[in-house]
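In case you want the letters, here they are:
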Amino acid sequence: MKNQVSKETLFNYFAGGATALQKQLIDEWAKDETNREQFFECLAMWENQDPQFIADANMALMRHQQRIKNYTIDETNQPELGAAEPALHSLKSTWFRWMMAASVGIILLLSGLFFKEELLFKTYSTEFGETSTIMLNDGSQVTLNANSTLRVPRFGFGQKTREVVLVGEADFSIKHMPDHQHFVVQTNKNFEVVVLGTEFLVNTRETGKKVVLNKGKVRLLYQEGKTSKQLTMKPGNLVTFDNEGHVRIKQTPKPRILQPGKNTDLCLMEQPWLKSATYLRKIME
Amino acid sequence: MGHILQLPQTKEIGQPYLEDKGEASRNLSAKVSIDTELFLRKTFEQDVDAGISLLFRQYYTMLCSHAVRFVSSKAIAEDIVSDIFYEFQVNKRYLTTTTSFRAYLFTMVRNRAFDHVRSEMQHTTSLDKADLIPAHRTHSPDSITQYEELYHDVENAINAMPLKRRQIYVMHRFEGKKYQEIADELHLSLRTIEAHQYQAMRQIQSILKAKWLTILGIIGLFWN
Numbered sequence: 000m001k002n003q004v005s006k007e008t009l010f011n012y013f014a015g016g017a018t019a020l021q022k023q024l025i026d027e028w029a030k031d032e033t034n035r036e037q038f039f040e041c042l043a044m045w046e047n048q049d050p051q052f053i054a055d056a057n058m059a060l061m062r063h064q065q066r067i068k069n070y071t072i073d074e075t076n077q078p079e080l081g082a083a084e085p086a087l088h089s090l091k092s093t094w095f096r097w098m099m100a101a102s103v104g105i106i107l108l109l110s111g112l113f114f115k116e117e118l119l120f121k122t123y124s125t126e127f128g129e130t131s132t133i134m135l136n137d138g139s140q141v142t143l144n145a146n147s148t149l150r151v152p153r154f155g156f157g158q159k160t161r162e163v164v165l166v167g168e169a170d171f172s173i174k175h176m177p178d179h180q181h182f183v184v185q186t187n188k189n190f191e192v193v194v195l196g197t198e199f200l201v202n203t204r205e206t207g208k209k210v211v212l213n214k215g216k217v218r219l220l221y222q223e224g225k226t227s228k229q230l231t232m233k234p235g236n237l238v239t240f241d242n243e244g245h246v247r248i249k250q251t252p253k254p255r256i257l258q259p260g261k262n263t264d265l266c267l268m269e270q271p272w273l274k275s276a277t278y279l280r281k282i283m284e
Numbered sequence: 000m001g002h003i004l005q006l007p008q009t010k011e012i013g014q015p016y017l018e019d020k021g022e023a024s025r026n027l028s029a030k031v032s033i034d035t036e037l038f039l040r041k042t043f044e045q046d047v048d049a050g051i052s053l054l055f056r057q058y059y060t061m062l063c064s065h066a067v068r069f070v071s072s073k074a075i076a077e078d079i080v081s082d083i084f085y086e087f088q089v090n091k092r093y094l095t096t097t098t099s100f101r102a103y104l105f106t107m108v109r110n111r112a113f114d115h116v117r118s119e120m121q122h123t124t125s126l127d128k129a130d131l132i133p134a135h136r137t138h139s140p141d142s143i144t145q146y147e148e149l150y151h152d153v154e155n156a157i158n159a160m161p162l163k164r165r166q167i168y169v170m171h172r173f174e175g176k177k178y179q180e181i182a183d184e185l186h187l188s189l190r191t192i193e194a195h196q197y198q199a200m201r202q203i204q205s206i207l208k209a210k211w212l213t214i215l216g217i218i219g220l221f222w223n
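One line per chain: the protein sequences are A and W, in this order. Under numbering that gives the first Met the number 0, the residue at position 234 of the first sequence is numbered 233, and the numbers go up by one with no gaps. Under numbering that gives the first Met the number 0, the residue at position 116 of the second sequence is numbered 115, and the numbers go up by one with no gaps.
Chain A extracted, bound-state conformation (with noise of 0.2 Å):
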């Protein structure tokens, strides 16, 4: 077993000239850990008795030496530079950098796109059973009934325009501005409330589209169908949209409708069958 693989056979070998079964047979050779001593014992006469070059082993020390005193500076000055090193090393591929600044912008981007509604505008919104006032910038009111959201931009609101968006009920006292800036109510239900200055209610909620015009003159704008449609409502009018889209005005004894606080109970007693259910509807959505 010692001589397995002979001295000339490794040389044969490194040269070029074994066969590929004596290349296997020194692979398998050479699994043994002093076969392997001996595999590199033989490598290195090898390479003394025909080297392909001769390196100058003398300046090789010196700029050895050289370095190991840089090292040993730079470890006493800063114990962690030989730790940064190869994480600099990496961020030296060009292909590496770009992949991150590209990130990085990706990242700013969608941050952007994601927080931009809370960044551009300040939102109100109401629990169950609660309703609250806000007076606006311009010193409109607007009445929150529950469960309903409005959002109002922070920036430039009540300089050119005057647009606000509403989930839900609300009922508004627009102030009439100097130069007859138009006070907008934008809703998700194709139709949007133009207004100059009036008390009017707006309903959002899919049981009950609706806007109430307590005085005073406000447009509307919907949509019926693919088409966009205007309509201006005069004091009383009560315009209900049904699940189409389609419109109707009613003339309403009593315009003022929402009446804050009367949510916080629920008493269904006295109600149609209907009506309780729609109540309901409400107060889950």
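Accuracy of the hints is not assured; some may be wrong.
[What the hints assert, rightly or not] If you anchor each label on the Cβ, the simulated ranges turn out as follows:
| # | chain 1 | residue 1 | chain 2 | residue 2 | range |
| --- | --- | --- | --- | --- | --- |
| 1 | W | T97 | A | S110 | 49 to 55 Å |
| 2 | W | T95 | A | E117 | 24 to 30 Å |
| 3 | A | L119 | W | R201 | 54 to 60 Å |
| 4 | A | D55 | W | T98 | 23 to 29 Å |
| 5 | W | S142 | A | I72 | 38 to 44 Å |
| 6 | A | P50 | W | E180 | 36 to 42 Å |
| 7 | A | P50 | W | T97 | 26 to 32 Å |
| 8 | W | Q179 | A | T18 | 41 to 47 Å |
Hint data in this document are derived by calculation from the structure and do not stem from the laboratory. Quick reminder that beta carbons are idealized off the backbone N, C-alpha and C, glycines included.
Based on these hints, arrange chain W on the given structure of chain A.
Using the frame of chain A, we list chain W on its own:
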């Protein structure tokens, strides 16, 4: 089958020679090498700096000669070997190495050189960026003969080149001469030298890739 047949063959042919002079020279060389290793160990125990300079004198040149068979550039070979000596001292490998220093150093050099060839094949134009290739080892061959296999293939690929191209390749790559120097020396235009060098690189890569791609890293496929 071939394995079993091979054994008696080597014995029959190898033995007569081994008996008289081979065996004697082996014993002699083994003794010398054991003495060298022992001497190195003892020196390291007493004085690390003296040990390192002894290590350089003993192994540096042969390790460079070995590394150059893989990377075919004197400068890269010396860099690889120098790095390994540097790490050997900085990481105090002389305390933890259980094999002979010779086996350790050769194994390290072969791994690094192997890695270097691999990264060069992955990045087609990385010759000039050779120092950017990370030094860490990710994948080493599972059998010892794959190293020889690789440098033999490198050598054969170089030998297979047309003579002029090979001359230019060796001058540039192995000796590290600048294109301009080669152009002056061979009385050729700079463009010709560049074209030859480019062709030489392509040729070596295509020859090596055909055989080594799976071992040297499949990633190479996506890079080129």
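Here is what the structure says about each hint:
{"no.": "1", "hint": "T97(W) - S110(A): 49 to 55 Å", "result": "holds (54 Å)"}
{"no.": "2", "hint": "T95(W) - E117(A): 24 to 30 Å", "result": "violated (57 Å)"}
{"no.": "3", "hint": "L119(A) - R201(W): 54 to 60 Å", "result": "holds (57 Å)"}
{"no.": "4", "hint": "D55(A) - T98(W): 23 to 29 Å", "result": "holds (27 Å)"}
{"no.": "5", "hint": "S142(W) - I72(A): 38 to 44 Å", "result": "holds (43 Å)"}
{"no.": "6", "hint": "P50(A) - E180(W): 36 to 42 Å", "result": "violated (24 Å)"}
{"no.": "7", "hint": "P50(A) - T97(W): 26 to 32 Å", "result": "holds (28 Å)"}
{"no.": "8", "hint": "Q179(W) - T18(A): 41 to 47 Å", "result": "holds (45 Å)"}
The structure fails hints 2, 6 (numbered hints given earlier, in ascending order).
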